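Construct the entire structure; sequences and hints are all you get.
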Amino acid sequence: MGKIFTGFWGVMAFLVSFASFAASDPKPEQYQLNLRSGVTDISQQVYDLHMTIFWICVVIAIIVFGAMLWATIFHRKSRGVKPATFHESVKVEIAWTVVPFIILIGMAIPATKTLIAMEDVSAPDVSVIVTGSQWKWHYKYMDNEVEYYSVMATQPEQIANKLEKNINYLLEVDRPLVIPTNQKVRFLITSDDVIHSWWVPDFAVKKDANPGFINEAWARVEKPGIYRGQCAELCGKDHGFMPVVVIAKEPAEYAAWIEEQEELQRKAKEEEQKLLAMNMDMDELMTVGERVYNTTCAACHMPNGEGLPGVFPALKGSDIALNDMQKHIDVVVNGVSGTAMQAYAKQLSMKELAAVITYERNAWGNDTGELVQAKDVNAVLNGQ
Amino acid sequence: MSTVTNDIHHDEHHDHHDHKPSGIKRWLYTTNHKDIGTLYLWFAFIMFLIGGAMAMVIRAELFQPGLQIVDPNFFNQMTTVHGLIMVFGAVMPAFTGLANWMVPLMIGAPDMALPRMNNWSFWILPFAFLILLMSLFMEGGGPAFGWTFYAPLSTTYSNDTTALFVFSVHIMGASSIMGAINVIVTILNMRAPGMTFMKMPLFVWTWLITAFLLIAVMPVLAGAVTMVLTDKFFGTSFFDAAGGGDPVMFQHIFWFFGHPEVYIMILPAFGIVSQIVPTFSRKKLFGYSSMVYATASIALLSFIVWAHHMFTTGMPVGAELFFMFATMLISVPTGVKVFNWVATMWRGAISFEIPMMFSLAFIVLFTIGGLSGLMLAITPVDFQYHDTYFVVAHFHYVLVTGAVFSIMAATYYWLPKWTGKMFDITLAKWHFWCSLISVNLLFFPMHFVGLAGMPRRIPDYALQFADFNKWISLGGFAFGLSQLIFLALLIKACRKKGEPVSAQVWDGAEGLEWEVPSPAPYHTFETPPVVK
Amino acid sequence: MSHSRQAENKKVVIKLVAVVFGMFGFGFALVPLYDVFCAVTGINGKTSNEAAVYTNIEVDKSRLVTVEFITRTNTGMPWQFETQTRRVEVHPGEMYQVDFYAKNPTQRDIVGQAVPSVSPGTAAIYLNKTECFCFEQQPLKSGAETVMPMRFYVDPELPKNINFFTVQYTLYDVTSDAQEIAMNRG
Chain A
802 MGKIFTGFWG VMAFLVSFAS FAASDPKPEQ YQLNLRSGVT DISQQVYDLH
852 MTIFWICVVI AIIVFGAMLW ATIFHRKSRG VKPATFHESV KVEIAWTVVP
902 FIILIGMAIP ATKTLIAMED VSAPDVSVIV TGSQWKWHYK YMDNEVEYYS
952 VMATQPEQIA NKLEKNINYL LEVDRPLVIP TNQKVRFLIT SDDVIHSWWV
1002 PDFAVKKDAN PGFINEAWAR VEKPGIYRGQ CAELCGKDHG FMPVVVIAKE
1052 PAEYAAWIEE QEELQRKAKE EEQKLLAMNM DMDELMTVGE RVYNTTCAAC
1102 HMPNGEGLPG VFPALKGSDI ALNDMQKHID VVVNGVSGTA MQAYAKQLSM
1152 KELAAVITYE RNAWGNDTGE LVQAKDVNAV LNGQ
Chain E
-4 MSTVTNDIHH DEHHDHHDHK PSGIKRWLYT TNHKDIGTLY LWFAFIMFLI
46 GGAMAMVIRA ELFQPGLQIV DPNFFNQMTT VHGLIMVFGA VMPAFTGLAN
96 WMVPLMIGAP DMALPRMNNW SFWILPFAFL ILLMSLFMEG GGPAFGWTFY
146 APLSTTYSND TTALFVFSVH IMGASSIMGA INVIVTILNM RAPGMTFMKM
196 PLFVWTWLIT AFLLIAVMPV LAGAVTMVLT DKFFGTSFFD AAGGGDPVMF
246 QHIFWFFGHP EVYIMILPAF GIVSQIVPTF SRKKLFGYSS MVYATASIAL
296 LSFIVWAHHM FTTGMPVGAE LFFMFATMLI SVPTGVKVFN WVATMWRGAI
346 SFEIPMMFSL AFIVLFTIGG LSGLMLAITP VDFQYHDTYF VVAHFHYVLV
396 TGAVFSIMAA TYYWLPKWTG KMFDITLAKW HFWCSLISVN LLFFPMHFVG
446 LAGMPRRIPD YALQFADFNK WISLGGFAFG LSQLIFLALL IKACRKKGEP
496 VSAQVWDGAE GLEWEVPSPA PYHTFETPPV VK
Chain C
537 MSHSRQAENK KVVIKLVAVV FGMFGFGFAL VPLYDVFCAV TGINGKTSNE
587 AAVYTNIEVD KSRLVTVEFI TRTNTGMPWQ FETQTRRVEV HPGEMYQVDF
637 YAKNPTQRDI VGQAVPSVSP GTAAIYLNKT ECFCFEQQPL KSGAETVMPM
687 RFYVDPELPK NINFFTVQYT LYDVTSDAQE IAMNRG
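Protein chains in written order, with our numbering: chain A, 802 to 1185; chain E, -4 to 527; chain C, 537 to 722.
Calculated directly from the structure, the hints in this document are not laboratory data. Any given hint could turn out to be false.
Quick list of in silico lysine-lysine cross-link-like pairs, BS3-like style, CA-CA up to 25 Å [as the list claims (entries may be wrong)]:
{"hint": "1", "chain 1": "A", "residue 1": "1128", "chain 2": "C", "residue 2": "677"}
{"hint": "2", "chain 1": "A", "residue 1": "914", "chain 2": "C", "residue 2": "639"}
{"hint": "3", "chain 1": "A", "residue 1": "963", "chain 2": "E", "residue 2": "465"}
{"hint": "4", "chain 1": "E", "residue 1": "194", "chain 2": "A", "residue 2": "892"}
{"hint": "5", "chain 1": "A", "residue 1": "892", "chain 2": "E", "residue 2": "424"}
{"hint": "6", "chain 1": "A", "residue 1": "1070", "chain 2": "C", "residue 2": "639"}
{"hint": "7", "chain 1": "C", "residue 1": "639", "chain 2": "A", "residue 2": "1147"}
{"hint": "8", "chain 1": "C", "residue 1": "639", "chain 2": "A", "residue 2": "1075"}
{"hint": "9", "chain 1": "E", "residue 1": "20", "chain 2": "E", "residue 2": "487"}
{"hint": "10", "chain 1": "A", "residue 1": "985", "chain 2": "A", "residue 2": "914"}
{"hint": "11", "chain 1": "C", "residue 1": "677", "chain 2": "A", "residue 2": "1147"}
{"hint": "12", "chain 1": "A", "residue 1": "878", "chain 2": "E", "residue 2": "424"}
{"hint": "13", "chain 1": "A", "residue 1": "914", "chain 2": "A", "residue 2": "1024"}
{"hint": "14", "chain 1": "A", "residue 1": "941", "chain 2": "C", "residue 2": "639"}
{"hint": "15", "chain 1": "E", "residue 1": "20", "chain 2": "A", "residue 2": "878"}
{"hint": "16", "chain 1": "E", "residue 1": "279", "chain 2": "A", "residue 2": "883"}
{"hint": "17", "chain 1": "C", "residue 1": "696", "chain 2": "A", "residue 2": "1176"}
{"hint": "18", "chain 1": "C", "residue 1": "639", "chain 2": "C", "residue 2": "677"}
{"hint": "19", "chain 1": "E", "residue 1": "465", "chain 2": "A", "residue 2": "966"}
{"hint": "20", "chain 1": "E", "residue 1": "487", "chain 2": "E", "residue 2": "416"}
{"hint": "21", "chain 1": "C", "residue 1": "696", "chain 2": "A", "residue 2": "985"}
{"hint": "22", "chain 1": "E", "residue 1": "487", "chain 2": "A", "residue 2": "878"}
{"hint": "23", "chain 1": "A", "residue 1": "1128", "chain 2": "A", "residue 2": "1176"}
{"hint": "24", "chain 1": "A", "residue 1": "1128", "chain 2": "C", "residue 2": "639"}
{"hint": "25", "chain 1": "E", "residue 1": "487", "chain 2": "E", "residue 2": "424"}
{"hint": "26", "chain 1": "A", "residue 1": "1176", "chain 2": "C", "residue 2": "639"}
Note that this is a predicted model, so its numbers are computed, not measured.
Written out as C-alpha cells, the structure reads:
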C-alpha cells in the first residue's frame, strides 16, 4: 500500500521543530481590531487595499451622516423653521450618480491590480496537495514521499472547561504543514467529503476545498514563523475544530526537514511490514485501541460508542461490530462512500487499525472476545 | 401628491353591516386584507421571537470560549434554523403583512385582488414552520447545514429530516409566490381612478418590484431544494462529482435565488423609509422618480451579482472581475436612495416621533451595512473577509438595523391607523433607545472579530476573540430583552388602550391611507376614490 | 367586484403563474447552462467528457508546457490508483500518452469512475483528450489490475501565461449505481 506510516517519529520531529519555533510565534492580540498585514507581498497588498477602501467608506459616511446631523439640528420643527418646498433637482441628482461612479472606478483599479497579481500561474518551487475531510487536513508533498494528516491538538478537556485553555486554544495541530520561505509554494486544494475552506489569514489565502475538484492558491512567505488559520466553510459538526497551522522555515532548514521526514516515513513503512507477523494480546490491543478510538472515532461515534442518533450510527450493540469481522475491517479501512465514514487506511497504521477494531468489538459490552491483528488488516487492504 | 374627492362617509356607512364571524372562525376563513395583514404581522412577530430565542442560545454558547451549553451539532441546528426563521418566517411575512394592510389603502382599492388566495397564502405558512420546528425534536435533529444548505453537506452528509426541511421550504416558497402574485395583480388592476404609476406611493412601488423579484426567484429556490431532495433520496447526482455533477453548481443556483432574495428583504424597507421621512420632515420626498428608477435598477442588477458570494470557490479571474464590478455598481442606485432621503430632510421642518427615530437609525445603520457591503465586493479583500464575522456583521446591519428597524418604523407609523389609538409613547421610546444601543453593542464588534480572523458558524473560538464575544453576547441579550418592551406595547395597542387619533394621525402625513378614519374601517374604498 | 375586473385579474394571474413555472424550469435549465458556462470559462477545471478528435494541427515546437498528474481515490474506494507519469513536458499540438495503474485488492468486483479536474481552471478547455479512461466507468474484478491509458494534446491556443498546469483524477466507487443501471437495462 505504500502510504502508511506510524505517527511516533513524525510527532517527535514535530515536537522538536515546535520547540525551536515557539519563540517566534506571535502572541495573539486581545481586542485586535483590524486585519493583519500578513507575511507575503500579496497579503500586504490586500491589507493596503482594505485600508484604502475603508478610508474611502469612512469619508463617505462622514459626509452623509454629517449632512443628516446638520439637518436634524438646524432644520428641526422645534426651531420654528418653515419647510422648503423643493423636491427635485436634475443637476444634483446627476452629480450624486456620477461622483460615486467615479469613486468606484478609483476603487476598482487597485482591486483589479491586486486580483491579477494573485492569479500567478507560473511554475511553483514547492507544491502541496491539501485535502480537507471531516474534520482534519491532509498534506501531501508533490515531489517528496511525505504525506500526513494534521489534526487539532487541543485536548477535549480544555474544550469541556475541565482544564485551563492554553494560548493557542483551538489553533494548534499535531503536525503542522511545513513550507520554505521565499519560495513560491503552491497549494492544490481539494476535499474528500463536503466543502471545506483552507484559510491562512497571514498569507491572504482562502480557497474552498471542493470534493472531486482541485483549486489552487499560492504564497511566497517572507518571514519564518508559525502561521495559524481555520477552516472557513461550514463542514458539519466539528467545523470549528479544524485549524490550519503552517510553519515557514528557511529553505535550507526546510530541505533538511523534508529529507528527514522522507527517511522517517520510509522507515516507518519498513517497520510496519516487519510488525505484520507479530501478534498483540488483548490488553495491548485494547489500550492502543481506546487511545486511537478517542482521538479518531469518538468525534462521531461518541466516547460511549452510542453515536448521535439519526446522524452518526452507534457501534455499541451494532450488527457490524458484533458480527462479520471482514466487513468491519473493510468499513474502517476503506470507508463507506456517500457517508461521513472515512477511509482510515491512510490515517492510521495497521497496528492502530487492528487495535481500534478490536476495541470496537470488545468495548461497551460488545464482548465478542475476538482479536484483530495487523495481518488481518493487511489482508483486507492488499487482498492477500 | 393626491387628494380624494369622494366623501369618506361612504365607507363608514358600510361599517355597521360588517358580517364577520366571531372567534377563531373569523381568522381562519377571513379574506379581508386587514385581517390577513394582522395575521401576517403577528405571525412574523412570533417567529421573530422564536428565531430570536435561538439567537440567544447561540450567543449564550459564544459568551465565553469552550463548550458550555449546547453540543456543536445542536449549535449548527440553531444557526441554521435561526437563519431560516428570520428570513422566511419573520422579515418576509412582516413585509407581506404590511403590504396586505397598506397597499389597498394606499392605492384606493377595496381589498387585495385575490382574497381567497390571500387566505391560503397565509394559512399554509404556520404549517411550514411547524414542520421545520418539529424536525428539531426528531431523531438526528433538524437541519444543521446552514440556511444556505450547501451540497453535499445537505445531501450526502445530512440526516433524514432533510426531507422535512425541503418540504417546509417548498411551502414557504408557495406562500411567498401566492402573496407576490396577489400584490402584483392588486397593484396593476385595482388602483383607484387617477392613481397612475408615477403617483403611487413609494411603498407600493418598492413592493411591486419586490413581488416581481419574488416570482422570479422563489421558483428557482424550489428547484434547488428539489434537486437536494432527489440527490439525497432518489439517486440523482446534480451536485455529486462521482455521477457527473458539481457541488459548486449548487452554490450558483442557490445564490441566483439568494441575491435577489436579499433585495426582497430590503426594497420594501426603502419604501417604508421613503414614506416616513417626508412625513416628519414636512416636505415632499426628494427625487421621487429617481427613487423609482433606483429601485428598479437595484432589482435588475441583483440578477447579475450572485457569484460575489462565492469568490473563494475558485472562479476564473475574468468572472471574478465581472462579479466584482457588477456588485460595486449596485452601490450607485443605493447611494442615490440614501442621498435622496438626506435631501428630503434638508431644510425640512423635522420632528422626532418614534417612526422617524427608527427611520433615522435605519438610514445611518443601513448605510454602515451598505459600506461594509461595498468592502465585501472587492474580490481580493473578500478572500480575507469571506465566511468570517465581518460578513455576519454586514448582513445583520442590513437585515436587523435595516429590514427589521424599517418594519418597526412602519409598525409605529401605521399602528394608530390600525387601532385608532396612539400607542404608548413612553414604552416606544424605551424600546427605541434600548434597541438602538444594544443592537450596536451586538453587531458592531463583530466587524472587529471578523477582521481579526474569527470564522462564522463556529460553536467555540480561540482565546483572542473572547473579550469582544462577551460584549457581543451581552448586547445580544439586551437586544432580545428590548423586544419584550415592543411585545408589551403591541399587546397594549391591540387592546385599544391609548388616546384616540385623527384620520391623519401625523400632521405631515399625506396619502390615501390617511384619508380614511382611524381606526381604518373593516371595509374601505368600496367605491374607489378619485385621485387627481 | 365587477366581472370585467375579475376577468382582468385572471389574465394577469395566468401570466404570472406562467412566469413562476417558467422560472421553476429555469432553475433546472441552469444545470445544462452551467455546463456550457464551465466549458467556456473553465470553472472548476472541468474537462470535456467526450473524446476530442485529433486533426493534424501545427505543433508549436518553440513552446514547452509542463503537465502534472495527480491521482486520488475518494472515501470508500479501496483501489490502488497511481499515475505512472507524474509530470510531462509537452509541445502544444503534439499527442502524448500517459498511463495510469489501477488494482482492485478487495474480495469484491468494483466499478470505478474517474473524475478529472484541471488547475488553473482556464487551462481545462485547452486540454484535449482523444482517449481517456475517465470517459467510461471502469469495472475491475476482485484482485484484478490494469493499466489505463489517457491520450491527449494541448491546444496551441493555450494562453501564453500558462506554462504549467495540473490534472487531477479522483476515483469513485460507483458499483451500486452501475448495478442499478445494468439491472434497469436487463
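Evaluated hints:
{"no.": "1", "hint": "A/1128 <-> C/677", "in the structure": "holds, 18 Å"}
{"no.": "2", "hint": "A/914 <-> C/639", "in the structure": "violated, 48 Å"}
{"no.": "3", "hint": "A/963 <-> E/465", "in the structure": "holds, 20 Å"}
{"no.": "4", "hint": "E/194 <-> A/892", "in the structure": "holds, 23 Å"}
{"no.": "5", "hint": "A/892 <-> E/424", "in the structure": "violated, 39 Å"}
{"no.": "6", "hint": "A/1070 <-> C/639", "in the structure": "holds, 20 Å"}
{"no.": "7", "hint": "C/639 <-> A/1147", "in the structure": "holds, 17 Å"}
{"no.": "8", "hint": "C/639 <-> A/1075", "in the structure": "holds, 24 Å"}
{"no.": "9", "hint": "E/20 <-> E/487", "in the structure": "holds, 23 Å"}
{"no.": "10", "hint": "A/985 <-> A/914", "in the structure": "holds, 19 Å"}
{"no.": "11", "hint": "C/677 <-> A/1147", "in the structure": "holds, 23 Å"}
{"no.": "12", "hint": "A/878 <-> E/424", "in the structure": "holds, 19 Å"}
{"no.": "13", "hint": "A/914 <-> A/1024", "in the structure": "holds, 24 Å"}
{"no.": "14", "hint": "A/941 <-> C/639", "in the structure": "holds, 22 Å"}
{"no.": "15", "hint": "E/20 <-> A/878", "in the structure": "violated, 47 Å"}
{"no.": "16", "hint": "E/279 <-> A/883", "in the structure": "holds, 13 Å"}
{"no.": "17", "hint": "C/696 <-> A/1176", "in the structure": "violated, 53 Å"}
{"no.": "18", "hint": "C/639 <-> C/677", "in the structure": "holds, 9 Å"}
{"no.": "19", "hint": "E/465 <-> A/966", "in the structure": "holds, 17 Å"}
{"no.": "20", "hint": "E/487 <-> E/416", "in the structure": "holds, 10 Å"}
{"no.": "21", "hint": "C/696 <-> A/985", "in the structure": "holds, 20 Å"}
{"no.": "22", "hint": "E/487 <-> A/878", "in the structure": "violated, 30 Å"}
{"no.": "23", "hint": "A/1128 <-> A/1176", "in the structure": "holds, 15 Å"}
{"no.": "24", "hint": "A/1128 <-> C/639", "in the structure": "holds, 20 Å"}
{"no.": "25", "hint": "E/487 <-> E/424", "in the structure": "holds, 15 Å"}
{"no.": "26", "hint": "A/1176 <-> C/639", "in the structure": "holds, 20 Å"}
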